[in-house]
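Visitor: Going down the list, the sequences are from chains C and F. Going by the working numbering, the first residue of the first sequence is number 1, and it counts up by one from there. Going by the working numbering, the first residue of the second sequence is number 170, and it counts up by one from there.
Don't read these hints as lab results, they were simulated from the structure. On a predicted model such as this, the values are computed, not experimentally measured, just so you know. Positions of the beta carbon are idealized from the N, C-alpha and C atoms, including for glycine. Incorrect hints may have been included.
[Stated by the list, open to error] Computed footprint of chain C on chain F; a stretch qualifies when at least three of its residues, placed anywhere within it, have a C-beta under 8 Å from a C-beta of chain C:
| hint | stretch |
| --- | --- |
| 1 | 177-183 |
| 2 | 192-201 |
| 3 | 206-219 |
| 4 | 231-240 |
| 5 | 250-256 |
[Unchecked claim] One side only, chain F facing chain C, incomplete, derived with CB under 7 Å:
| hint | residue |
| --- | --- |
| 6 | Met170 |
| 7 | Leu188 |
| 8 | Ile261 |
| 9 | Leu268 |
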Amino acid sequence: MVMQIIFLIVAVVTLGSAVMVVTVRNLVHAALWLILSLFGVAVTFALLNAPFFTVVEVVIYIGAISILMIFAIMLTRRTMQETGRSVNPGWWLAAFLSLVLFAGLLWMFSTWDGFSTTLPDLPAGVDQVRELGIALVSPNMYVLPFEVASVLLLAALIGAIVVAWERKS
Amino acid sequence: MIPLSYYLVFAAALFCIGLYGVLARKNAVTILMGIELMLNAVLINVIAFWRYRSPDQITGQAFAVMVFAIAAAEVAVGLALFISIYRRRNTIAADEIDLLKW
């Protein structure tokens with residue numbers, strides 16, 4: 001019961017700040033609401049017994065991605081205080097599509113018999129973080145996807161530098 | 170205890186809010202924020218399915234690590250593109266970046 005109340009509070013805060021992210025006009029405020037929303041997601045991971053992902057969410061999403069976004073907002077300042085509309089003329093169509101998708105997802109869930117699966121016990125005596133670390137570097141599990149992901153990150157890093165490079169003419 | 174349905178409905182709502190942000194907002198950085206919300210909804214789903222359906226296997230967590238890596242790469246390249254576009258055209262409003270439109 002206590003867990004449910006905690007979950008509901010976290011969900012309401014997360015969804016409320018997500019709505020603020022997509023509706024508020026000032027971009028810096030939107031980035032700050034995004035940080036609150038990401039904190040809610042981190043708490044959700046903690047509720048799901050995934051402490052490693054709670055830390056990763058805080059470090060990568062809140063610590064790196066949100067700060068990067070605030071930098072980008074400040075570097076593109078003219079559009080930050082745009083006086084015109086902040087949404088497209090067809091925003092009602094977007095809202096309609098999102099609601100239709102949400103209703104469709106709910107309908108799909110309701111037809112699935114695993115929808116109300118109750119919480120199974122975690123396997124006893126297993127350190128999840130240790131297991132994950134071993135799985136990511138063991139040759140007969142996920143070492144290849146792991147290395148591909150690191151090459152992708154390196155390529156993204158170099159690509160970002162090349163794209164944003166200011167050529168002095 | 171919390172059944173799986175709570176997490177699924179929560180993640181679906183977060184995904185749809187993010188989708189609205191992607192489709193409706195004008196500023197390119199806010200579009201990227203919407204994509205972040207959608208990716209977070211996907212992550213909640215992945216970890217919830219791991220926790221409720223196969224907690225004895227590590228596959229779900231390894232999958233979530235990949236999603237994190239993709240999200241970080243996507244944001245880095247996306248923001249670099251917006252800064253480059255801003256330098257050349259002095260705007261990052263999505264409806265003014267219409268070079269490919271004819």
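Visitor: Give a verdict on every hint.
Guide: Results for each hint:
Counting residues of the stretch 177-183 of chain F whose CB lies closer than 8 Å to any CB of chain C gives 6, which reaches the minimum of 3, so the coverage claim holds. Coverage of a stretch by a chain is defined here by at least three residues with a beta carbon nearer than 8 Å to that chain's beta carbons; for the stretch 192-201 of chain F and chain C the count is 8, and the condition holds. Taking a C-beta to C-beta cut-off of 8 Å, the stretch 206-219 of chain F contributes 7 residues in contact with chain C, enough for the three needed, and the coverage statement holds. Residues of the stretch 231-240 of chain F with a Cβ under 8 Å from some Cβ of chain C number 8, which satisfies the need for three, so the listed coverage holds.
Look at the stretch 250-256 of chain F against chain C: 6 of its residues bring a Cβ nearer than 8 Å to a Cβ of that chain, three or more, so the hint holds. Given hint, methionine 170 of chain F at the interface with chain C, holds; its Cβ is 5 Å from that chain's nearest Cβ, closer than 7 Å. With 7 Å as the threshold, the beta carbon of leucine 188 of chain F comes within range of chain C, its nearest partner Cβ sitting at about 5 Å, so the hint holds. Taking 7 Å as the C-beta contact cut-off toward chain C, the hint placing isoleucine 261 of chain F at the interface holds, the least distance being around 5 Å.
Interface restraint check for leucine 268 of chain F: the shortest CB-CB distance to chain C comes to about 15 Å, outside 7 Å, so the restraint is violated.
Taken one by one, the earlier hints fail for this structure only at number 9.
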